[in-house]
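Asker: So you can see what is in the structure, the chains are spelled out below.
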Amino acid sequence: MDNTKCSGCTGTDPKMQEILNTYVQDKSNLIQILNEVQEYYGYVPEKAMLAISDYLSIPMAEIYGVVTFYARFTLKPKGKYHIAVCLGTACFVKGSEKILDRVKERLGIDVGETTADGNFSIEATRCIGACGLAPVFTVNGEVYGKATVKMMDEVLDKIMEEIK
Amino acid sequence: MKSLEEIRKIREEKRKELDLRVNTAASTGEKHILVCHGTGCTSSKSPKILENLRNIIEEKGVKNCKVIQTGCFGLCAKGPIVIVRPEDVFYSLVKPEDAEEIIEKHIIGGEIVERLLCKDVDNSVVKKLDELGFYKKQKRIALKNCGVIDPENIDEYIAFDGYKALEKVLFEMTPDSVIDEITKSGLRGRGGAGFPTGKKWSFTKMAQNEQKYVVCNADEGDPGAFMDRSILEGDPHCVVEAMMIAGFAIGANKGYIYVRAEYPIAVKRFQKAIDQAREYGILGKNIWGTDFSFDLEVRLGAGAFVCGEETALLESIEGRRGQPRLKPPFPANAGLFQKPTLINNVETYANVTKIILNGADWYAGIGTETSKGTKVFALGGNVVNTGLVEVPMGTTLREIVFDIGGGIPNGRKFKAAQTGGPSGGCITEENLDTPIDYESLKAIGSMMGSGGLIVMDDSKCMVNLAKFYLGFTYDESCGKCTPCRVGTKRLLEILERITEGKGEEGDIEKLEKLSRNIKNASVCGLGQTAPNPVESTIKYFRKEYEEHIRDKKCSAGECKALMKLHIDPELCKGCGLCKRNCPVGCITGEPGKTHVIDTDKCIKCGTCISKCPFHAIKS
Amino acid sequence: MISLTINGRKVEVEEGSTILEAARKLNIEIPTLCFLKGINEVGDCRMCVVEVEGMRGMTPACITKVTEGMVVQTATPKILEARSVVLDLILSNHDRKCLTCTRNQNCELQRLAEQFNVDEIEFDGERIEKSIDDLSPSIVRDNNKCILCRRCVAACKNVQGIGAIDCAGRGFTSSVSTYKELSLNDVNCTFCGQCIEACPVGALKEKDSTKDVWKALRDEEKYVVVQTAPAVRVALGEEFGMEIGTNVTGKMVTALRLLGFDKVFDTNTGADFTIMEEGTEFIERLTKGGTLPMITSCSPGWVRYMELNYPELTGNLSSCKSPHQMFGALLKSYYAEKMGIDPSKMYVVSVMPCIAKKFERTRDNMQGAGYDDVDAVITTRELARMIKQAHIEFTGLEDTVFDDPMGEATGAAAIFGTTGGVMEAALRTVAEKVTGKSLDKIDYEVVRGEQGIKRATLDIGGKEVKIVVASGLKNAQTILEEIKSGKADYQFVEIMACPGGCVMGGGQPIRSSKERATIDIRAKRAGALYTIDEKSKIRKSHENPVIQKIYKDYLGEPGSHKAHELLHTTYVAREKYKLED
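Protein chains in written order, with the numbering used here: chain L, 1 to 164; chain H, 1 to 619; chain C, 1 to 581.
Excised from the complex, chain L in its bound form (with noise of 0.2 Å):
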């Protein structure tokens, strides 16, 4: 993910018509166009779904609706940071709870939002499938194993020393 990307002209966008041009236009395809295009731009933009909805003659409602089913997909960009806290079952058990109670503490947000500065975004995982670590999280897809909120603290420390 890539939080420089313009997400204004997707409507233009080569990116765009690239990936629709890796499929035909079935409309089984949707949810696989979904993806890539969430995993380029780390949202899934307006123009993106309409750049779909055309191609695929699948109405704007039916997109939103399947955009809205899957946590995957996320109609806002994410914060430059993105914090995911596993609450998996092995997780919860070691108290994964906590430590996402006090990221939304310390950032003053609550899951699937961003911070205001967009630094910032939360999400709650279900299982990454590092349970033997457990409790963990990740900060940009980088994993945190046998997390405390202490270690919370820390990382979060770091990261807003770095941006000032």
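Because the hints were derived from the structure by calculation, they are not lab data.
Do not rely on the hints blindly, as some may be mistaken.
Stated by the list, open to error - When the alpha-carbon atoms are kept at most 20 Å apart in a straight line, the in silico PhoX-like pairs for lysine-lysine are as follows:
1. H/601 to L/146
2. C/211 to C/10
3. H/339 to L/104
4. L/27 to H/339
5. H/611 to L/150
6. H/285 to H/268
7. L/27 to C/157
8. C/474 to L/27
9. L/146 to H/564
10. C/474 to C/441
11. H/254 to L/150
12. L/146 to H/539
13. C/345 to H/510
14. L/27 to H/553
15. L/76 to C/552
As the list claims (entries may be wrong) - Listed next, the stretches of chain H that the computed footprint assigns to chain L, with coverage defined by at least 3 CB atoms under 8 Å from CB atoms of chain L:
16. 166-176
17. 204-210
18. 223-232
19. 258-266
20. 372-385
Note that beta-carbon positions come from the ideal geometry of N, C-alpha and C, so glycine has one too.
Given the coordinates of chain L, assemble chains H and C onto it according to the supplied hints.
Answerer: Chains H and C only, in chain L's frame:
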């Protein structure tokens, strides 16, 4: 493209070369350093370990030593794991900077790096993998190749009987005899419900249609289960091969595997396996000159637990919201794109090639009367050896938790274990000796499920646990049918009320009535099982519910709203651990003297409880 | 035939029947909510669950097909408890403001609550407050009342092929939503109103115009004129408990007078004008090489659909306004002049079976005489409400007739209210104009009936004319794609937005799921219109003396400059989605 003869030749030659992987007495003179590249170890920097090892070997010009990436060894708690073959020396908790010492001391010097050896539960130092208690009671069938071969190298798969079952099926068997074999083996669906696999295959074969599909369900949704991911990461070809065998048996020429997008490594390796199989002419048209053609496609899930339900999965492959379809018609008659479709999960497929090669009788000889073979469990929670274990059906929970899992850490007591994830129920001390199979787990109010096995110690509140699971199913309910859509929300609300000290008399009865009817009236497996954690915790821990409701008390100390933390002066030794770990600094006290919590400042995070070695902090 | 046992009683039904249908044969009632035959057969709400021997759990009776020897239980205590919990859960998440709901007394959920003896909500809890969309001129969408049955979604997406609404989100937070919760005004909605007809509760309704009409009626300065569409008279009686398909023209006219309208006219007269203009336009295009096929333009939902989805084909649309707009323009010009009424004081109300007409009257180029052709559109349902509000005992009213001089209409105009009717009416006039001879047979059976698409090749004066009649927008799409791809060689096309035509319009009385499954409502209402046609003295528009007189005295020839000014309109291309950037 490779001819069948060429493939056989690869198998023969490569097998010799790789003998050291499974034979400590192998005498090729080579050494292989296996570095775990499962998701767990990868996230603890195992790729960096591999890189360092390779660089140092090159730098130092070490001969006859290769560094290989493998799938998961299972003991994730001790990762990253590095194993040196053929001597089978097992290094745990390896760091990238340990690479030099491993090469220097072990490979060149021939001396074991003692400090990287693993300590077993009894503190004994273990040199070899199978000396660990963790491995002793395991029997690896589905996970046979995981941790043995390089999953990204088709030749290594072929070396260990890879695509030999396919050869046998195509040249020596008929679709009916394949199905017979699977039926006789007693294999049942490993995704959760345990439907007899042979029956499923035969239903799909009987359905008349030009076009049929084989689908692999790799949308492993149970949070805390990761065996399917491990198989795809560690041995993707065994799933490719099994899907082809299934395609031959039911008369399908196309397969889809539906994998969670959250499993990037698995997706990448599986795609690579498909590409390699195509390159070798194993996937494609008229395979090995036969009439049989087959190809595979990967479809990504996008984060919806319900897509693990087979009809929701089909909807998702077709590009729609993953909302389950009503059954009947079953997928065997009208599945993907309304064509007859066979759907099995990853672990089920992982057993197929072994059954074909070793025979149904061999497989049926393992396990219990009604449940044959082995089952992989993802052991997690409050247990020492977290990781992936494969045991014969009929193994008791006690063996898994205590003998394999090494028991409960931090001197705490076992309270309960949850199988079946959010669809399952909890198992208490009294049922620990139940031999695990589909029926016995159901009888004690739980279920096999996909194999998540979460252990809980006595610091866990069971009402809170039920709330956690309901929070999950509430979140993951697709919203299609009323009982699940609104019912899970109402269950969750009642549980929230209870854990917040606002429970009322009659709440337990309300939970019971609602649970019963959600189960009866919901469309799919998600709703039909969502109340299980509530029902089973009420069944075994009714007193905890009553305590929350009547006394506004949570003995385990997990329900924050009911918690007032204080330090028991008789137990406190004044070690200061709580003070040092408190994130808000509300604990005061001189070293060696009783510490005190300022309850106004306390945010009830519970860190001090888990840190106190003397269990002096009480709620 | 399949034989099965329900509650211990044997029954034989045709293969392919559902348990619900089999039970109905035995007079065993099974409650339903999300089920809408032929439209929404999903088994999601779980109100109709039953137990079948040998089947795991409970299964929905509405869509489970019967099998030989099946043994079904429909009302065990276990089933009844499950249903009552399901109902309780639906109610717990429903805005229970029945007293102020338009569907009070005609709500499938309310009826169930009564049947289940609900005296409290056992599992009450949080309900997510949702904003109400009342920005469009036609539809009000109140998601607080939505019970997620998705009948509207199916009607919009599967029947009409539009997909303006769909299900969004998931689980408890899921809702029926437009793209990003935009107003229906800002998305690809055509305002056909089939969603309203499908809704079992009050989550979807027409935008109310009765208050405006009452205000006009109270205003002594205003000369308030009302006109009624053909389909209204064969459905209005249903709102007062009368048999479906009863022609209540006489009572309706009386009731409108009692409500205080100064004049009560018949939109059918407007329809006769439409035939004159459209017929002339067609002959002109046919003989002089205009854009063909020509497509009818009297269904505003259809016109909007075209503008949203096929703007490149609007040249194929007839430029004729729809009958009530033509009539409104004539009222404010010819009639106002003749009667010496100030047209700015004239207030024209149209009673329509349609909610898209509410939108149509706000379109550009709908001011033929310099004033809005029509000032308010109310639906059949709204008229019924006004009559009830005035405490008029409808069923006991005497029959009276429309006012002169614009009350005369032909049988051809009456059948405008059903699919194929406009085509048939037009053919009667076109054939005679082209051949110059009087037709022996004026019934065009080929364009009648329930099929969504009806194609025919006719011989008109030795010339072969290919026609097609489609109703329902999904069928319309099929025809348009044929035209667009050049595959079609039709000359004349009739399209109605609503399946079955105006008798099944979005403003018509709402019938329950059970009625829709067991009664052919369309056939009954359409049948009444064909009876009116049959019994009419004059059955061809060009023979209507009122029409002839107005052309002679005022408009000149059909298609004249004046006729164009008053009776024709223009079309625009519309963006399907109004987005922020």
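Asker: Would you mind marking each hint as holding or not holding in the structure?
Answerer: How the hints compare with the structure:
Restraint check for residue 601 of chain H and residue 146 of chain L: not satisfied, since their Cα atoms lie roughly 26 Å apart, outside the 20 Å limit. Proposed proximity of residue 211 of chain C and residue 10 of chain C is contradicted: the alpha carbons are some 54 Å apart, above 20 Å. Between residue 339 of chain H and residue 104 of chain L, the direct Cα distance comes to roughly 47 Å. Violation of the 20 Å bound is thereby established for this hinted pair. Under the criterion of a C-alpha separation no larger than 20 Å, the hint pairing residue 27 of chain L with residue 339 of chain H is consistent with the structure, at around 17 Å.
Annotation: proposed proximity of residue 611 of chain H to residue 150 of chain L holds, straight-line Cα distance about 12 Å (limit 20 Å). Only pairs whose Cα atoms come within 20 Å are accepted, and residue 285 of chain H paired with residue 268 of chain H is rejected, the gap being roughly 24 Å. A distance of roughly 15 Å separates the Cα atoms of residue 27 of chain L and residue 157 of chain C; the hinted pair therefore holds under the 20 Å criterion. For the suggested pair residue 474 of chain C and residue 27 of chain L, the alpha carbons sit about 18 Å apart, so the restraint of at most 20 Å is met.
Under the criterion of a C-alpha separation no larger than 20 Å, the hint pairing residue 146 of chain L with residue 564 of chain H is inconsistent with the structure, at around 26 Å. Proximity of residue 474 of chain C to residue 441 of chain C is assessed by CA-CA distance (about 32 Å); at most 20 Å being required, the pair is judged violated. Our distance criterion of 20 Å between C-alpha atoms is broken by residue 254 of chain H and residue 150 of chain L, whose separation comes to about 51 Å. Between the alpha carbons of residue 146 of chain L and residue 539 of chain H the distance comes to roughly 33 Å, so the proposed pair goes past 20 Å and is violated.
Straight-line distance between C-alpha atoms of residue 345 of chain C and residue 510 of chain H comes to about 64 Å, which puts the hinted pair past the 20 Å bound. Distance check on the hinted pair: residue 27 of chain L and residue 553 of chain H sit about 54 Å apart at the alpha-carbon level, beyond 20 Å; violated. Under the criterion of a C-alpha separation no larger than 20 Å, the hint pairing residue 76 of chain L with residue 552 of chain C is inconsistent with the structure, at around 65 Å. For the region 166-176 of chain H, the stated coverage by chain L is violated: 0 residues have a C-beta nearer than 8 Å to a C-beta of that chain, whereas at least 3 were required.
With a threshold of 8 Å between beta carbons, the proposed coverage of the region 204-210 of chain H by chain L is violated, since 0 of its residues qualify and at least three are required. With a cut-off of 8 Å between beta carbons, the region 223-232 of chain H has 5 residues touching chain L; three or more are needed, and the interface restraint holds. Here the region 258-266 of chain H counts 3 residues with a CB under 8 Å from a CB of chain L, which clears the bar of 3, and the coverage holds. Given as covered by chain L, the region 372-385 of chain H passes the check, having 4 residues with a CB less than 8 Å from a CB of that chain where 3 are the minimum.
Hints 1, 2, 3, 6, 9, 10, 11, 12, 13, 14, 15, 16 and 17, counting from the list given before, are not met by this structure.
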